[in-house]
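Chains as they are written, first to last, in my numbering: chain W, 1 to 310; chain E, 1001 to 1178.
Do not take every clue at face value.
Below, simulated DSS-like cross-link-like pairs (lysine-lysine); rule was C-alpha separation at most 30 Å, straight line [unchecked claim]:
hint	chain 1	residue 1	chain 2	residue 2
1	W	K201	W	K159
2	E	K1099	W	K39
3	W	K102	W	K87
4	W	K288	E	K1088
5	W	K5	E	K1099
6	W	K151	E	K1030
By construction, these hints were calculated from the structure, which means they are not laboratory data. As the structure is a computational prediction, the values presented were derived from the model and not from experiment.
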Amino acid sequence: MAEFKQKHIIALRDLSKEEIELLISSAESMREINSRDIKKVPTLRGKTIINLFYEASTRTRTSFEIAGKRLSADTVNIAPSNSSATKGETLSDTALNLLAMKPDIIVMRHAVSGSHYFLANKVSCSIINAGDGAHEHPSQGLLDLLTMKDKFGRLDGLKVAIVGDITHSRVARSDIQGLTKLGSSVYLAGPPTMMPPGVEKLGDVTVCTTMNEAIQDADVVMMLRIQQERQGKTLMPNAREYSRYFGLNPNNIKLAKPDAMIMHPGPINRGVEMSSYVVDGNQSWILKQVENGVAVRMAMLYHVCGGELE
Amino acid sequence: MTAEQTILMDGAGIKRALTRIAHEILEHNKGVADIVLIGIRSGGEFLADGIAQQISIIEGGAVPVGVVDITLYRDDCSGQLPHHPVGKTEIPFSLEAKKVILVDDVLYTGRTIRAAMDAMMDFGRPQSIQLAVLIDRGHRELPIRADYVGRNVPTSQKENVQVVFDKMDQPIEVLLEK
């Protein structure tokens, strides 16, 4: 069996196929802990994890916090509204100050793509990326892979459609990296203003001009949130028009395979990228994604503790 | 690998030892009532199955068998351990008020057993925990002893004792490597 050799988890792009499979396999094993009466194991006793979130988050931050606590680590949350970042402290200074308190892992979300690489060069502890700008969101990518594996038992040979604002989506980038490494075919659809040029060079990725083309016979349909906070007002005329061309509804869902999984990284704009009928329908795996998030993040926290292996 | 290997037990010998352990478990616990077997992954898992089979042959009726992976309970998490994947723990029944028989292949420092006992406590409050091992090779670092032993093998710490399983997960021999 392969070994996990990384000290940091910043992007699925940096991990080998074997390392991704190892994280998923460990997450599958750790899921059992979450169904016990006593949901705690002593593995990371005495370790300190700092959750440093420069951007808003409910799911990811809570999930990382619970994951750390279930492994018996001490977790501390820092949000920008009550940190000295509002007083003008640089990321570098914040990191060095936090480091003086001897954390073992810093889990960070930051609006600037690549900020985790910058941080990893400054500090001696492990860095886990909880989302950086429009770059990657590896824990979401891994939990998506785990959820698909739950249903199909494999990832090899799946047709996965990802629909929405690909340009601004770090989830899409992590999903594309993970899925193509594990042998799935990715089909992207979205308005041309939200489709990054050259994205098909990332691997087995096909850019479709219409949504129907992407979701035709798909095993998985992954809908992305329209990130109103990241994009300007010029990328789409209005939400209603977007919904008509790139929204998932009871009609176009029939184009996908009859047992296709419907996924969404959350938070959902009901009625924009998906109709409520689909969100709450029996093909929806959205809450299972959230459930798997805890186990995946436990696996990530555990495996970075081994440090870098030559 | 130039290590010198000696066969300590063959397949038939292992089977006889497991049969004897099954008898001892039944004698000591006065039957199968409330007994559950928990194998410690990976070697103990298959031996627990073997003992459960023998028990059902002797007394009739199935004994619940579970598996525990003790990786997350180890005391050396910062070392090499996190480079390897975590195995599954499968205990699909309650341990509350049960007589838990932990099964492992080789008893050495006792640290694995300490970790397994901690794991058992997280699953409820067993009436008792007993320990069955195929080989006891000595060199304990914790105050732990086995209740049922297939064979005592005095070893040096430089040596390595290994239980070899075939593709069907049946134990075929016990090797001593120098």
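Evaluated hints:
1. W:K201 to W:K159: 17 Å, holds
2. E:K1099 to W:K39: Cα-Cα ~23 Å, so holds.
3. W:K102 to W:K87: Between K102 of chain W and K87 of chain W the Cα gap is close to 23 Å, so the pair holds against 30 Å.
4. W:K288 to E:K1088: 20 Å, holds
5. W:K5 to E:K1099: 40 Å, violated
6. W:K151 to E:K1030: Violated, at roughly 45 Å.
Taken one by one, the earlier hints fail for this structure at numbers 5 and 6, listed in ascending order.
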